[in-house]
Every structure is written in structure tokens, then in C-alpha cells.
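Here is how the chains run, residue by residue.
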Amino acid sequence: MLTLGAIAEHLGAACRGDSGRLIDGVATLSSAGPSQIAFLSNPAYRAQLAATKAGAVILAPTLADECPVDALLMQNPYLGFAQVASLLDRSPPPATGCHGSAIVHPTAVVEPSAHLGPNCVVEAGAYVGANVAVGAGCVVGPGARVGADSRLWANVTLYHGVRIGERCILHSGVVIGSDGFGFAQDRGQWVKIPQTGTVIVEDEVEIGANTVIDRGALDDTRIGRGVKLDNLIQVAHNVQIGENTAIAGCTAIAGSTRVGRNCTIAGGVGIVGHIEIADRVHVAAMTLVTKSITEAGAVASGTGMLPVAEWKKSVARFRQLDDMARRLRRLEALIHK
Amino acid sequence: MLTLGAIAEHLGAACRGDSGRLIDGVATLSSAGPSQIAFLSNPAYRAQLAATKAGAVILAPTLADECPVDALLMQNPYLGFAQVASLLDRSPPPATGCHGSAIVHPTAVVEPSAHLGPNCVVEAGAYVGANVAVGAGCVVGPGARVGADSRLWANVTLYHGVRIGERCILHSGVVIGSDGFGFAQDRGQWVKIPQTGTVIVEDEVEIGANTVIDRGALDDTRIGRGVKLDNLIQVAHNVQIGENTAIAGCTAIAGSTRVGRNCTIAGGVGIVGHIEIADRVHVAAMTLVTKSITEAGAVASGTGMLPVAEWKKSVARFRQLDDMARRLRRLEALIHK
Amino acid sequence: MLTLGAIAEHLGAACRGDSGRLIDGVATLSSAGPSQIAFLSNPAYRAQLAATKAGAVILAPTLADECPVDALLMQNPYLGFAQVASLLDRSPPPATGCHGSAIVHPTAVVEPSAHLGPNCVVEAGAYVGANVAVGAGCVVGPGARVGADSRLWANVTLYHGVRIGERCILHSGVVIGSDGFGFAQDRGQWVKIPQTGTVIVEDEVEIGANTVIDRGALDDTRIGRGVKLDNLIQVAHNVQIGENTAIAGCTAIAGSTRVGRNCTIAGGVGIVGHIEIADRVHVAAMTLVTKSITEAGAVASGTGMLPVAEWKKSVARFRQLDDMARRLRRLEALIHK
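Chains as they are written, first to last, in the working numbering: chain D, 1 to 337; chain W, 1 to 337; chain Z, 1 to 337.
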């Protein structure tokens, strides 16, 4: 429990109202009670402000006069929400110590401050750093390395030689270091190409549940510092993702593509292989990125959603588009001759 | 093994033929033998009826005269198939008792009739209800709750505090309760927003292999009673899915979206965040749902499939569509002036 | 370490230069040093040839004169790369013997030459063939069968009765044999259809991380010999995939569809159910295959990527396409009358 004044100081926000008010949690505008703090960031929720029962609200200074309760004023209320939620977070911390059922190879090194959950496996030559939490059922492969203060939730798999930085979070079902999809054709049969690179995940990366990052074929796959990957993402071999890029769920990036820094890539996106995407590019949901993007900006593909009956008509015409364009040109020639 | 008459009674179907015939299994029209029962529901398979070697066929009364063997007549033959297949199902039941290798925290409660498979882990304060089967390698996180008669196949992960209803089925690789994808921007860096809600899965929900459901940021993510989710689906934080909605594989639903009841959502669909979808909406495969849908009906997006050479022409013209539309309008103005 | 001459002989390539040169690894044109061999296959990398520091390069005979270092000449340099990389592969082999923590049901059969990793589970009646490696945390379900020389990486799940051929590779998080998505409607509720078939995976199949293959409803799901599946793929019940077909990540194939032999299906593709795709069909990335394809060739769908501002204009016109087509026809009628 914290006073509103203490929260304001932590956030660098201006406090308007009772700075001694005690706050014990964060909630939404519509559900918060008098001991909770809410926030207003998305304009879609502005209408909920007048009726809020929150003890206080974090919002932009320009909206201060609309706030019926105590307020913390700052330019980026969503950041304020993130910060206060962290202050008041009561998620269970990892257990401490190593569970008796954890299996650690004699040649592995596990720092004394690390936690190993039930049934997790740390294979030969692996390294688990200080304050790392390895969840139940995780497998840290031979020679893999997990940097200090990182957390692997339950049932994460790291293949041999994979390197995870410090302060990373890997959610359940994540697989890092599986073989890239590399085969050569030999008279109708596929010949496997050994994938001899590895995966380097730099510091402060978060990786969502059931996301997969393949190891490189020769060089390494590399995920830059501060990258945030959502769930069920596919990162193919030799991909490089620049610092602080965020990628939403179910997106797939094909082999050897380089994604820039500070990009925001929405969900369900496909990015073809062997291209480069500049820094600060935004890719809209379910776009297929078919070629390199050389400067910051936003791209999209697709037709937009329609009622099926209308959509069928447009699709039928889509197939006729080239014919329509030629007929249009002929008409123009006739009329302008 | 059951008589045809007993099956007819169970299904509420009319029996035409030898009600004493013994049936020991279900098979397709083309593969069934004389001790098996087949069904005809999809008209595409009607041509196989005449040559079937099945002992009996479940089909609509209007097709009775076409059936060369004994018949069970009912309006919904596919439902009949489901019911008789359940009657005759010989899938292995879960083992009974707790495997000696299961690890149960002293503060967890496991009902005596529950089954815990090899190497599964039940963490502090968790609850496993009566007749629940927890498969090998599953992790039931701290304070998580699994209702009576539910089944977790092998290697399912439930995070802390997740609540699973009764008679649910969770397939292998399912992850429930991982952190939602929530970050605030702070001068080019991402600041993590603690995800302090949980996931509520109501009764009779089935969840396919490797599907992920994230926990809520503040409120809870909620999956309504009788919902059926296929494999590799992404359900983001704070999503709500209404009762009896069915969603096919590889679909992704972004944060805070509400999906209505009795919707059918095909595979590979993307649904953006913060929208509402009414009851009884059908979404076609690989549609991107970009805004709220306020009434029952069907929506679609995309161009339809074409041979690559034709497709390239249409795509080139798609980029010129606005120009074409303007030129068409100019021609109309010239001609009609 | 091998001589260039020995490698040439193994590859069936012509050696131009010092056949006694010692080679100890494979690397890219830009990163290889004098004891490594590189290759040139993708024309995009031809510019790197002149400056390579590699000890030798595998390339097509037509490019021999451009190569500044020793060369191995063959028509398919990418195949040569695959072969030499296999020769020199130093990926860690599976451990040998059975880890003491592996749990094997008394009725299961594990060949003495097989390896069982830590905490893996082999259930009743299962069979693990000669030289098979079962990784940590894997679950081989009741009656499942893994053929000789196959490798399951960590945390793979095989359901009851699944059959895996010889020399297969299954990556972490793979789930095989989960229930197909089959339900009948009964007055707004879903009635589960027991999935009583199984999954047959033939020899020399590789399956990428977190890919799911559902068991058949009545008949079996079948993956043909030599098929290569990438990560996060969904294969629904009763699908059949023909020999040597390769499918990239995040593709989904709906129920009862048959895919031919030697097809190449790119990533993010959706294929609807109950259709047939001929042999040697190529499907472009993120295509929705909506109907059967009866002959070899390439198909695609989608609009191509555009900057968002341009894309919005085209999308707005896409909705007007039928109207535009009708107006164009009216103009033609007016002008040609």
C-alpha cells in the first residue's frame, strides 16, 4: 500500500488532490474502487471518466478538469500505469532454491542464487546465472546459457548452445534453437542441411508462449536487446531483429531477413526471407511483406473485411481487373481521339 | 457391441431393417464392414452410399430409399454419428491413481478420485477436482484450479491462479495464463505492464494442442461455457469469448475484444483488439476482422486464389484501382455532359 | 578435418585447385576463413565471391572463372553445401543409454540401443526402436511406436497409438495425435465426436517445433515418406500429405484434405478442408487455397503490400469493384452503339 504522493513521485507526475490517500492496487476506470488507481490513455474510454469510482486516475494534464476524483497528471498516462502496476504487482515471485527433482548434469553450472523448479533439466555444460528462475519441466540444453535475472516459465525448451541474455522473460512452451528449415533438393528428395549456428537472445527480451526461434544454418539467429515477441511467433534461421522492436502474435519471419530497430509489427504478419526492413517501420495486421522496406513508415496489404455477399462480387471482379483496365484505356483512346 | 435397435433408441432415430444386428464400431461409408455403422451427412459423399458394405447407415429420412443396407433415420445424421461414436468409443481412458513421480506441493489439494500422470507438477495452493486426469508432464501453477471431470493431456501448462471449469478438455502443449502482451513506450524502450488478471475457462470447454490464452492485464480473460478452440490459436489478454462459439486452428484474437455466443470462426482468422462481435457471426477463413460486427451474418476478406501469372496482373491493377476509378468517372462525365 | 579432394569425391564434384587443402568447417562466403569451405547458390550473393577469404567455394561450373580461391564445381552447389555440412557437422549427438529418471511402463518395449533422456515418459504398450533418441520431458503415449533411428528432441508429445517411422526428426513442442476438431451441432450446443483414428508418420519425415498433427476421426491422418514440415504448422484430422512435400511455417491444412507429392507450400498458407491438391503444386506465402488444384503449377492470393496511405485508397475501391465494372460496361455500350 502506497500513498498517492509517493506514487506521484515515483512516476514523476503532478498530484492533484489528497497526496496522503492510500492506494493498494490498479484497476480499470469502470471497475476501480476508492483504494485503487485507474488510468485514461485510450480516448475510447474517456466517457468512463465521469462515473469512475477510482481513488485516483492517471491522465494527461489536458484532461485534468474532467476528472471527478484525485488525479496524477503526466504526458504518458499509459507509461504511468505500467510503472504503478509494477510498484503494486503481487504476482507470485519464483520459488527460491532448487527443487529436489531438478536434474542438473555434473558439468553444468548453476549459480547458488538461481531457482530450479520441479523436474527441470539442465544438461551438460549449461550455465544458469544468478537469480535466474527456471520453471517446472524446462529443459536447458547442453552448453546453453541463461543470463542473470532471467525467468523461464514452465516447460520452456532451450536447445544446445543457445544464449539468453540478462533480465529476459521466456513464457511456457517457448522453443529456442530448433533446427532451421533447410533442405537441398536432390532428384525429388530433400537432403537435410545441418543447422550449425545458434540463437543469441540479448538482454531484456520477452518471448511469448509457444513462440519458436530457430538456430542459424551457419551464422546465428539474433534477437536484439529489448525486443518483445508475443505468442506463437515463428522466427526462422538467421533472422536478425533490431533492438526494441515489438512483434504481435502469430507473425512469421522467414529465413535470413533483417528487421530494424523500434519497429512495431502487428499480428498474423508474414515477412518473406532474405529482405531488410528499416528502423521504425510499422506493419499492419496480416500484411504479407514481400520485399525490403528502406525507410520508416507504415505498410499494409489485404482487401478489408466485407459481408460475404458483397465480398464475393468484389472477388469476382478482382480476377477481371486487368481486363477492366485494358477496356478503360480503350474507351479513353476512343473518346480522346 | 450393441444392437442396432439399442443404438436407434439412444439416438432417437427410426430403425429400418434388422434391429437385432450387432454393431461394434463406426466407420466411413467407403471403409465400413458389416459389423460397423456409417453415416451420410455431407452431400459430397452421397455417391458412396450405393456401394457401401456397412452393416447400417445413419442418414436423413429423405434418403432412406437410396440406402442399400439397414438404416437409422434422423434429421441430423452428423449428430447421430457423434452420439454413436461416443457410445462405441474405445479410446484409452486416463490411468487411475497418482503416479509415484507426480510432484504435489503440500499446500495443494488433489481430490482422491483424480489421476496425476508421471512427472506432473501441482504447485502450492492449487486444486485438482474429482475425476480430473492430469497428463504426464503437466504443470498446474500456484493457486490454479481444475474443475471436476476435466482432462489435461500431457504437457499442458497452467499459470498461477488460472481457473478451469468442469468437463473441460485441454490438449497437449496448451498454455493458459501466460502474460498478456502489454508494454508502455518510454523514449523508445518498452516498459512491461504486469499482467495481474487471470484466465477463467468455464465448463465444457475444449482447447486444442499448443493453443495459448493469455491472462488479463487488470480484469480477466474469459472463455465461455461450451466454447471449442482448435489448435495453435492465440487468445490475447482480456478477450471474452461467448458460450458455444467454435474457433478453428491458427486464429488470433487481439486484446480486449469480445466475441459473441454461437459464433463460428474459421481458421487463420485475425481479429483486431478492442472490438465486439455479435452472436451468431460467421467469419470465413483467413479473414482480418477490422471492426466491430453488430449483427449476425457472415464476413470475409481476401482476393480468392488464382494461378500466379493471372494473380500478378490483378495485383498490379489493384495498386491502380483509385486511378482507374477516377478515370472512369471522368469518362462518364465526358459522355454524359 | 578433411582434404578438399576427399570432399570433392564425396560430393561427386570436380576439384579445381589444391586437393590436399585441409577443410574443417562450412561458412558463408563473407565469413569463411582459409580452413573453411563456402558455397554460392543464390545469385544474390554472387557479388561476395570476389572478396571471399574461404579456403574453397562450391559453385556451378559456369562461375568457375570468377572464383578467386580453390573451387568444387557441381551443378547443384546447394546440394553440395548440404552434403559437406553433414560431413563436417559437429552438433552434439544424443546421449547414450537411458537416464535414470526416465519412466518406462513395464509393458512398453525400448530397444537396448535407444536413448531415453531425463524425465521422459514411455507409456503402456509403447515401442521405442533401435537407436531412437527420446529427449528430456518427452511423452510417448500408450501404444505409440517410434521407428528405428528417429530422434525426438525435448518435450515432444505423442498421443496413444501414434506411429512414427524410421529416421524421423521431431522438434521440441511437437504434438502428434491430439483430437481432431470434430463436433456436431445439437440445438446450439456442440457434441464431441470421438476421434478414433490415429496418425501415421512415414519414414524420413522432419517436423518443426510446436507443429501439431491431429489424429483422424475414423480413418488415419497420414504424413508421407520424406515430408518436411516447418514450425507451428497445423495439420487437421484425416489430412494426407504426399511424399517429399515441404511446407513452411505457420501453414494450416483443414480436415480431410489431400496434398500431393513434391509440393512446396510456403508459410502462412491456409488450405480449406475436403479438397485435393495435385503433385508438384507450389502455393505462395499466405495464400488461401479455396478449392482443389488438379494440376501442377503455382497459385497465389492477396493484394501485395503497399504503403498504408495508398493501400487505403485501393481497399476503398475494392469495395466498389462490382459497381465500377457495371459502369464500365455501360460506357462501352453507349460508345459502341
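Keep in mind that the hints were calculated from the coordinates and are not lab data. You may find that some hints are simply not true.
Unchecked claim - Think about it this way: if two alpha-carbon atoms lie no more than 25 Å apart in a straight line, the pair counts; the simulated SDA-like pairs of lysine to any residue are:
#1 D:K313 - Z:D322
#2 D:K291 - D:K312
#3 D:K312 - Z:K53
#4 Z:K53 - Z:M1
Let me make sure I understand: some of the numbered hints might not hold for this structure. Which ones are they, in numerical order?
Checked against the structure, the hints that fail are numbers 2 and 3, while the rest are satisfied.
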